[in-house]
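The primary structure of each chain is shown beneath.
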Amino acid sequence: EPEVTQTPSHQVTQMGQEVILRCVPISNHLYFYWYRQILGQKVEFLVSFYNNEISEKSEIFDDQFSVERPDGSNFTLKIRSTKLEDSAMYFCARRLGPAGGYTFGSGTRLTVV
Amino acid sequence: DAKTTQPNSMESNEEEPVHLPCNHSTISGTDYIHWYRQLPSQGPEYVIHGLTSNVNNRMASLAIAEDRKSSTLILHRATLRDAAVYYCILRGRISNFGNEKLTFGTGTRLTIIP
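So the sequence lines, in the order shown, correspond to chains Y and X.
Numbers 1 to 113, taken from the working numbering, label the letters of the first sequence in order.
Numbers 1 to 114, taken from the working numbering, label the letters of the second sequence in order.
Keep in mind the hints are simulated off the structure, nothing from the lab.
None of these values were measured; they are calculated from a predicted model.
We put the CB at the ideal spot given by N, CA and C, even for glycine.
Do not take every clue at face value.
Said to hold, decoys possible - Lysine-lysine pairs mimicking BS3-like chemistry, simulated, CA-CA at most 25 Å apart: (1) Lys42/Y <-> Lys83/Y; (2) Lys42/Y <-> Lys3/X; (3) Lys69/X <-> Lys3/X; (4) Lys57/Y <-> Lys42/Y; (5) Lys42/Y <-> Lys69/X; (6) Lys42/Y <-> Lys78/Y; (7) Lys83/Y <-> Lys57/Y; (8) Lys3/X <-> Lys57/Y; (9) Lys78/Y <-> Lys57/Y.
Stated by the list, open to error - Some chain Y residues near chain X, calculated using beta-carbon distances under 7 Å: (10) Lys42; (11) Val43; (12) Phe45; (13) Ser48; (14) Gly72; (15) Phe91; (16) Phe104; (17) Gly105; (18) Ser106; (19) Gly107.
Input sequences plus hints: build the corresponding full structure.
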């Protein structure tokens with residue numbers, strides 16, 4: 001069973017629409033991250049989330065983006081008004097504690113048309 | 001973030017050992033050396049990490065130079081399933097604030113020849 005599950009695996013949305021991408025890590029994880037990868041490009045950091053607060057965000061993570069953990073388990077990334085350039089694979093990741101590696105989900109492919 | 005340098009691509013024969021190099025000449029004393037790989041159409045996958053000593057796990061071995069300015073990921077017996085992009089990443093000092101992001105480069109694309 002994967003430790004980080006992302007839904008949906010693929011989402012197609014019209015430009016200007018809101019999308020919510022979901023990540024379901026194991027409930028005792030504390031450190032969460034969102035990354036994205038535009039087709040053929042590098043994996044890019046978006047935001048880190050610790051103790052129910054954003055701890056760091058990149059320049060990509062502008063006012064159109066938000067994250068929350070509404071019910072203590074699901075971890076969501078919301079894009080308020082999607083643009084064509086938001087088309088990418090979005091990966092959720094978690095880290096169990098201060099040391100150790102990161103576990104990534106299998107990603108959500110977002111296509112904005 | 002301290003920078004790493006990796007070859008763009010490498011090829012290896014199936015069932016042979018593979019040595020993937022990484023240079024990180026500006027590494028600081030508290031930087032951990034992490035390796036991840038990304039198989040086609042999948043998310044990055046943790047492989048191994050270390051600080052100063054060589055490390056072994058079920059997936060691979062990590063050999064770290066004495067001056068820590070370079071490291072080598074060793075796959076002992078490559079299979080076709082090891083074909084992926086391999087990323088060498090330095091991760092800084094751990095804090096309690098969860099902001100130790102990973103900065104991915106372009107990595108090394110490993111091709112396994114049957």
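Unmet hints by their number, sorted upward, for this structure | As far as the earlier hints go, only 14 is violated by this structure.
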